[in-house]
Amino acid sequence: MKAALSNSIISLMKKQGFVIVSSLDSKGKIHCSAKGIVGIEPEKVFLIDLYKARTYNNLLNNPIVTICFVDEHRFTGYALQGKAKIVEKEKIKENIIAEWEDKVLQRISQRVVKNLHQGRAGEHHPEASFPHPKYLIEIDIEKIIDLAPSG
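Heads up: the sequence shown at position 60 corresponds to 60 in our numbering, and the numbers run straight through without jumps.
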């Protein structure tokens, strides 16, 4: 059964830019990894994976995932549980790749401006060395858990 994301959840998620994806390996051990957000629909989230490694292998064996994101300043966040589908690189739509490249450029620009303001002009920019996306993770959201403390 699918769960629908509210506009406030979608807005918070877009501000984050990435989520932590938790998947299970073949021995039932949890693996967590940061993945970039490239699309959000009320019942689906689309994530880019730059590496075809542990998360990929875990999803081949078990599509159940949880993605988490928080805003530490507002003390809010969510865990979204659902089933992931792998979309191989060749089948990723061009507009999704273009959106990912735009997001990477924005992150580099923001880092450069921040470093200039802080007098650290020669700092390293990790985003500049990102590899091309290896595949897309399409997640059907089944459950939304509010991580904000009650009361």
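Rather than coming from a laboratory, the hints here were simulated on the basis of the structure.
Just so you know, not all the hints are guaranteed correct.
[Said to hold, decoys possible] Per label pair, the in silico range of CB-to-CB distance:
hint : residue 1 : residue 2 : range
1    : K114      : K44       : 19 to 25 Å
2    : K27       : K2        : 27 to 33 Å
3    : Y56       : N95       : 21 to 27 Å
4    : N57       : H117      : 16 to 22 Å
[Said to hold, decoys possible] With a cut-off of at most 30 Å between alpha-carbon atoms, the simulated DSS-like pairs for lysine-lysine come out as follows:
hint : residue 1 : residue 2
5    : K44       : K85
6    : K134      : K44
7    : K91       : K114
8    : K14       : K91
9    : K2        : K83
10   : K114      : K2
11   : K14       : K114
Quick reminder that beta carbons are idealized off the backbone N, C-alpha and C, glycines included.
TODO: Could you work out which earlier hints the structure fails to respect and list their numbers in ascending sequence?
DONE: Hints 1, 4, 7, 10 contradicted; others consistent.
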